[in-house]
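Participant: Please model the complete structure; the sequences and the hints are all you need to start from.
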Amino acid sequence: MLFCLVVGTLIAFHPSVAVAQPMAGSGANNSVRIAGRGPDSMQGLGLQLGFNSDYRKAMLAYETPGLWRGKLPGDWGRLNLSVELGLSYWKSWRGDPDSMWQVSAIPILRWWPRETIYLEAGVGPTVLSRSEFAGRELSTRFQFGSYVGGGILIHGTQRLGIRYSHYSNADIKTPNPGLDVVQLAYMYMF
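Counting in my numbering, the sequence shown runs from 271 upward without gaps.
If you're looking for bench data, these hints aren't it; they were derived computationally from the structure. None of the values given here were measured: they were computed from a predicted structure. Please note: incorrect hints may appear among the correct ones.
Unchecked claim - Beta-carbon label-pair distances, calculated as ranges:
#, residue 1, residue 2, range
1, S311, D450, 14 to 22 Å
2, W381, F460, 40 to 48 Å
3, W346, K443, 39 to 47 Å
4, S399, S323, 16 to 24 Å
Where is the CB? At the ideal position from N, CA and C, for every residue including glycine.
Facilitator: Rendered as structure tokens:
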């Protein structure tokens with residue numbers, strides 16, 4: 271609720287939040303662009319910080335330019351699909367082993383109901399440097415990463431967001447306790 275209030279306030283009162291402009295020659299398809307080039311066609315570099323009561327995570331991310339995009343009917347906004355490639359370092363507050371690395375490649379489906387607000391979801395493969403972490407037996411180094419989140423676009427080139435992420439092996443092997451984090455995300459688009 272607090273997140274929605276903050277986002278709404280930024281959209282309504284912050285002068286630096288990007289404003290959509292009609293594309294030249296867009297005609298009936300109502301396409302839009304932001305700051306001269308739409309965020310759907312831009313790539314990005316970002317940093318994400320994740321937290322849990324037992325561990326924390328820092329991730330450097332690269333997001334590909336949009337692989338697909340489409341406008342929804344009426345005033346439902348638009349969708350876009352890209353891939354987020356990540357290199358993460360996990361550190362435990364307690365428990366052995368107390369650190370590990372992770373490489374991920376997760377497709378992202380992002381819904382933009384307004385030009386500056388988005389909701390996102392993703393599911394994809396990840397590989398961990400070990401199958402034990404923070405006193406947990408994860409059984410496999412291969413894990414699936416899934417998340418849901420949302421955020422805002424600022425200045426047409428920067429995204430701020432929050433997401434809930436879950437990593438598990440989908441019961442390929444047991445035990446499968448999984449790892450969960452709430453992540454704050456910053457992405458610079460270019």
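Participant: Take the hints in turn and mark each one as holding or not.
Facilitator: Here's how the hints hold up against the structure:
1. S311 to D450: 14 to 22 Å: Distance hint for S311, D450 is violated at roughly 33 Å.
2. W381 to F460: 40 to 48 Å: Violated: the Cβ-Cβ distance is about 22 Å, outside 40 to 48 Å.
3. W346 to K443: 39 to 47 Å: Check passed, 41 Å falls within 39 to 47 Å.
4. S399 to S323: 16 to 24 Å: holds, 22 Å
Checked against the numbered hints given earlier, the structure breaks hints 1 and 2 and satisfies all the rest.
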